[in-house]
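Asker: Sequence:
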Amino acid sequence: MPTILPMAIITIVASALLWGAFLYAYSGRTWRFVRLMVWGLPLSAVVNLFVKSPVGQGVGALAGIDPGQGLDTPVWFLVFLFLLAPVFEELIKVAPALLPSVRPHATTPDDALWTGLALGMGFGIGEAAYLGWQIALSSAYEQYAWYMFSGFLGERLVVVLLHGFMTALLMWFAARGRPVIGYLAAVGAHALLNSGAMLFQLGLVAEGVAGLSLLVVLVVAVIVFERIRPRYRRDESDVVYYSADD
Numbered sequence: 431m432p433t434i435l436p437m438a439i440i441t442i443v444a445s446a447l448l449w450g451a452f453l454y455a456y457s458g459r460t461w462r463f464v465r466l467m468v469w470g471l472p473l474s475a476v477v478n479l480f481v482k483s484p485v486g487q488g489v490g491a492l493a494g495i496d497p498g499q500g501l502d503t504p505v506w507f508l509v510f511l512f513l514l515a516p517v518f519e520e521l522i523k524v525a526p527a528l529l530p531s532v533r534p535h536a537t538t539p540d541d542a543l544w545t546g547l548a549l550g551m552g553f554g555i556g557e558a559a560y561l562g563w564q565i566a567l568s569s570a571y572e573q574y575a576w577y578m579f580s581g582f583l584g585e586r587l588v589v590v591l592l593h594g595f596m597t598a599l600l601m602w603f604a605a606r607g608r609p610v611i612g613y614l615a616a617v618g619a620h621a622l623l624n625s626g627a628m629l630f631q632l633g634l635v636a637e638g639v640a641g642l643s644l645l646v647v648l649v650v651a652v653i654v655f656e657r658i659r660p661r662y663r664r665d666e667s668d669v670v671y672y673s674a675d676d
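Per this note's numbering, the sequence shown starts with residue 431, numbered consecutively.
Check each hint, because a few of them may be wrong.
[Stated by the list, open to error] Using C-beta positions, here's what the derived DEER-type ranges look like: (1) G498 with P534: 43 to 51 angstroms; (2) G641 with V489: 36 to 44 angstroms; (3) G584 with P472: 37 to 45 angstroms; (4) G638 with T538: 18 to 26 angstroms; (5) L634 with Y577: 27 to 35 angstroms; (6) E656 with G488: 20 to 28 angstroms; (7) R462 with W506: 25 to 33 angstroms; (8) I440 with L492: 23 to 31 angstroms.
Hints were generated in silico from the structure; no laboratory data involved. Heads up, the beta-carbon is just placed ideally off N, CA and C, and yes, glycines get one too.
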């Protein structure tokens, strides 16, 4: 059995429980947004297998470029490959919001925020499953025991939340009539998130330095989320839901 599978299962379950509970608590203790996470689960595999990989290989074939050349690859093609994930993943993550069963949950900016958070976190959990599957198929990692993939668990837990944040930001802006700004903000945050990993893969920075991009995006995400999220205030008789703009 591929050794990462136990850790991949732990990662998927832990992410679903942790961030599902987070969404439930912050969205007003309702399950209607938590259930929407299911729509995001297959999207990582779909965009990787049927969009990013064919587009990257197709453009590389037309240009006569081997994508695996590292620093010998033309700069324009490295930038092109780097942008594939932010550009296409941020689009596909919001695609379920067009469905009749999902659209009614995102009619206001506040509801759009929670809907986007759910779809993005569902995507992130599905991405953890997809990456676990890819690693399991690779012979490069077969010598490692399952518990040596603890870094996979830690990184994916954070990335699942950040996927949710980026989609929430896009949908929040879109519900306010500014979808282009929301999309560019999500793509920019996604690109910054991936920048450290790409620089590390090219051998330009150390692994520790590469992790700074993850930390920077996480800090910014927490600050922005705390600024725009709806909150509760308690009256003498009841709990009243109000927007961050009130």
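Asker: If a hint holds in the structure, say so; if it doesn't, say that too.
Answerer: To see whether the hints hold, each was checked on the structure:
The hinted range of 43 to 51 angstroms is satisfied by G498 and P534, whose Cβ atoms lie roughly 45 angstroms apart. Remark: the range hint 36 to 44 angstroms for G641 to V489 is contradicted by a beta-carbon distance near 30 angstroms. A hinted range of 37 to 45 angstroms for the beta carbons of G584 and P472 is inconsistent with their spacing of about 24 angstroms. Between G638 and T538 the beta carbons are some 42 angstroms apart, a value that contradicts the proposed interval 18 to 26 angstroms.
At about 30 angstroms, the CB distance of L634 to Y577 agrees with the hint of 27 to 35 angstroms. Distance hint check for E656 and G488: the Cβ-Cβ separation is about 42 angstroms, which falls outside the suggested range of 20 to 28 angstroms. A hinted range of 25 to 33 angstroms for the beta carbons of R462 and W506 is inconsistent with their spacing of about 45 angstroms. The given range of 23 to 31 angstroms is broken by I440 and L492, whose C-beta atoms sit roughly 42 angstroms from each other.
The structure fails hints 2, 3, 4, 6, 7 and 8 (numbered hints given earlier, in ascending order).
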